[in-house]
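S.K.: Protein sequences, first through last, are from chains U and Y.
The opening position of the first sequence corresponds to residue 1 in our numbering, with each subsequent residue numbered one higher.
The opening position of the second sequence corresponds to residue 1 in our numbering, with each subsequent residue numbered one higher.
A hint or two may mislead.
Computed beta-carbon distance windows for the label pairs [said to hold, decoys possible]:
(1) U:T132 x Y:G330: 35 to 41 Å
(2) U:D17 x Y:R327: 39 to 45 Å
(3) Y:E158 x U:R138: 55 to 61 Å
(4) U:E194 x Y:G47: 34 to 40 Å
Among the chain U residues that face chain Y by a calculated CB cut under 10 Å, a handful are [said to hold, decoys possible]:
(5) Q9
(6) A20
(7) D23
(8) L84
(9) L87
Beyond 10 Å from chain Y on every Cβ pair, some chain U residues (computed) [said to hold, decoys possible]:
(10) F5
(11) M25
(12) G30
(13) G36
(14) D83
(15) A89
(16) Q96
(17) D111
(18) N115
(19) G131
(20) D151
(21) Y157
(22) V187
(23) R189
No lab work stands behind these hints: they were computed from the structure.
Being a predicted model, the structure only gives us computed values, none of them experimental.
Glycine included, every Cβ here is placed at the ideal spot set by N, Cα and C.
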Amino acid sequence: MSIAFRLYQPHVYHGEDDVATPDLMVTRMGVALAGGVRPVSVERLTTAVTVSEPAGRCWGAPAAVVVGSSGGALITVGAVHGDLRCLDADPDLALQAGAKVMSRFAWRLSDAATNAEQITLKLIEGQDPEGTSRGQWRLSSLAAEHPALGDLLADRYSLQKGELIFFAADHLFIMEPWRQISLQHPVRRPIVHEYRIHDPKAPLTDGGAT
Amino acid sequence: MTPPPDKANRLPQADREVLCYAASVGHSVWFSRDLCESWQRAPTPTGGIYNESRCWSLATHPARPDEVWSGTDQGIYVWRQSQGRWNYMPSSMVGLHILKLAIAPSDPDFIVAGTRPAEIFVSRDGGRSWQCGELPIGSECWFINTPRVTSIQFDPKEPETLWVTVEIAGIFRSRDGGHSWELLVEGLRDPDVHNLVIMDDLGDRLILCSTEVGLHRSADNGASWEFQEVPAAGDLVYFRCMARRADQSGVIFMSIGDKPSGVTGVLLRSRDFGASWEQVELPGRVNTTIWWIFVNPQDPRLILCNSIFGEIFRSTDGGETWQQMDRFLGEIRDIAWQAFPKNGPCRS
Chain U
1 MSIAFRLYQP HVYHGEDDVA TPDLMVTRMG VALAGGVRPV SVERLTTAVT VSEPAGRCWG
61 APAAVVVGSS GGALITVGAV HGDLRCLDAD PDLALQAGAK VMSRFAWRLS DAATNAEQIT
121 LKLIEGQDPE GTSRGQWRLS SLAAEHPALG DLLADRYSLQ KGELIFFAAD HLFIMEPWRQ
181 ISLQHPVRRP IVHEYRIHDP KAPLTDGGAT
Chain Y
1 MTPPPDKANR LPQADREVLC YAASVGHSVW FSRDLCESWQ RAPTPTGGIY NESRCWSLAT
61 HPARPDEVWS GTDQGIYVWR QSQGRWNYMP SSMVGLHILK LAIAPSDPDF IVAGTRPAEI
121 FVSRDGGRSW QCGELPIGSE CWFINTPRVT SIQFDPKEPE TLWVTVEIAG IFRSRDGGHS
181 WELLVEGLRD PDVHNLVIMD DLGDRLILCS TEVGLHRSAD NGASWEFQEV PAAGDLVYFR
241 CMARRADQSG VIFMSIGDKP SGVTGVLLRS RDFGASWEQV ELPGRVNTTI WWIFVNPQDP
301 RLILCNSIFG EIFRSTDGGE TWQQMDRFLG EIRDIAWQAF PKNGPCRS
């Protein structure tokens, strides 16, 4: 079996004093969109805090991300980037076109399942870290929108080790240069991922590309 | 691993040159042309491995004395003495720690790599392509968080059978060249396993296994394991590396420390296929658990071992007496040597 993977190295907080740091090989990845899970190349996965995307054409929906692991599934925050220009014509291409961003901090999914009504996914973004809140979504409402997430939270379904799904909020807006996405838990420490968008169209040299 | 003795590969001392290698965590691979007395690294203008790389593993094969393989944090590299440089071998293991490499005694193109996270990759074409085996193992484990491969053995009798130890998971065996695997832990007191010695000399197969909590043996080809007391270990319980002297004498060496990396360790020797053990007198005080013991059928008398923190011990009489080398090399995870004919094609 040939294998393609991305190494995910999370810091899993199961309690204040209980942190696990496994290295997980993510071998299969999907994005829950419009009721189904669409496969996406694992090459799109990143935990970077600067992400290169063309300005003015990519959306970046905040997402809850669930990862299969033998120690118990993990949940964290992330963002699904895609190209807005081809979303309607070819949603798979639109999804493949953008990065799939996720935090290196995570909780066990079991810690989130019992608090889905209180856990909130939040997006703040702007030109700089003084950004503006763009929305917040209860985990339970994300689960209502994505049946697979509801099944995972209710333990009716589980991911194999190395499988990963982004459950994106319905937020199809052009991204701003600075973004903060978080999961707020009533008991656990929040998971926060801040990152910047770097426009690859910026000049390659001081004199500008010709 | 102790391949079957192959006298055809032995060279009289007067007709051979010996190159020793030490894989270091932080200083790439060291080379010695004088039996570990002095060490040098590859010259940087030849490129290849970054000189401060973390190199975990080494592998050689007597049919290709021009080559030494190294598993690193940045993929697999092959040193070709005739080229005088490290050559990068593309594989899907990039990003993983390639902790163990082994080359089949029967086929120098059959190469197996073990990684962290614990996976087994197999090449049947000399490293040009690799397949990932289906190791039935979790992605997490207690204590060290991520399982990792600690040893790879080719079965002495069945060329397609492989044995692998994984901490912290157990012993795995593949009978189809590394594609599918079965877990063999019945009777093990702890699945934190480190190394195996497989012997067929006494009629029935006997396998020894070193673990975090002591020595185990199997008389039914791995189906079950039985704990074996080793009084010579004293208070030390961390059984790490084993190597059978590359002859048919039944002499085996085994390292034991206080823990990994630990602050002290001893080397034990058995002269009866592992039934009883005695402490080997090593000069000085060993500064960690002895991490690797290297034997080579090209000359059963020349044996090397190392501590994690850079001590190198050498025996030129089959492990009866040992010398500690003057040079410490920082952190070492693997050590090896191979011989090639004087004035032969490998001479640079």
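S.K.: So F5 (chain U) supposedly isn't at the interface. Is its beta-carbon more than 10 Å from every beta-carbon in chain Y?
M.R.: violated (7 Å)
S.K.: May I ask you to check that Q96 (chain U) keeps its beta-carbon over 10 Å from the closest beta-carbon of chain Y?
M.R.: Q96 (chain U) clear of chain Y: closest Cβ-Cβ about 20 Å, beyond 10 Å.
S.K.: Would you say G30 (chain U) is clear of chain Y, with no C-beta pair closer than or equal to 10 Å?
M.R.: holds (18 Å)
S.K.: Against chain Y, is D23 (chain U) within 10 Å by beta-carbon distance?
M.R.: Holds: closest Cβ of chain Y sits about 5 Å from D23 (chain U), inside 10 Å.
S.K.: When the nearest CB of chain Y is found for L84 (chain U), is that gap smaller than 10 Å?
M.R.: Given a least distance of 31 Å, the restraint on L84 (chain U) is violated.
S.K.: Does the beta carbon distance between E158 (chain Y) and R138 (chain U) stay inside 55 to 61 Å, or does it fall outside?
M.R.: The hinted range 55 to 61 Å holds for E158 (chain Y) and R138 (chain U), with Cβ atoms some 58 Å apart.
S.K.: Would D151 (chain U) pass as off the interface with chain Y, using Cβ distances and a cut of 10 Å?
M.R.: holds (21 Å)
S.K.: Does R189 (chain U) sit more than 10 Å from chain Y, CB to CB?
M.R.: Given that every Cβ of chain Y is farther than 10 Å from that of R189 (chain U), nearest at about 19 Å, it holds.
S.K.: Does A20 (chain U) hold up as a contact with chain Y if the rule is Cβ-Cβ below 10 Å?
M.R.: holds (5 Å)
S.K.: Would the non-interface assignment of G36 (chain U) survive a Cβ cutoff of 10 Å against chain Y?
M.R.: Given that every Cβ of chain Y is farther than 10 Å from that of G36 (chain U), nearest at about 26 Å, it holds.
S.K.: Are E194 (chain U) and G47 (chain Y) spaced within 34 to 40 Å by their CB atoms?
M.R.: holds (38 Å)
S.K.: Is the shortest C-beta separation between Q9 (chain U) and chain Y less than 10 Å?
M.R.: Since the shortest Cβ distance to chain Y is 9 Å, the answer is holds.
Figure legend: structure checked against the earlier numbered hints; hints not met, in rising order: 1, 8, 9, 10, 11.
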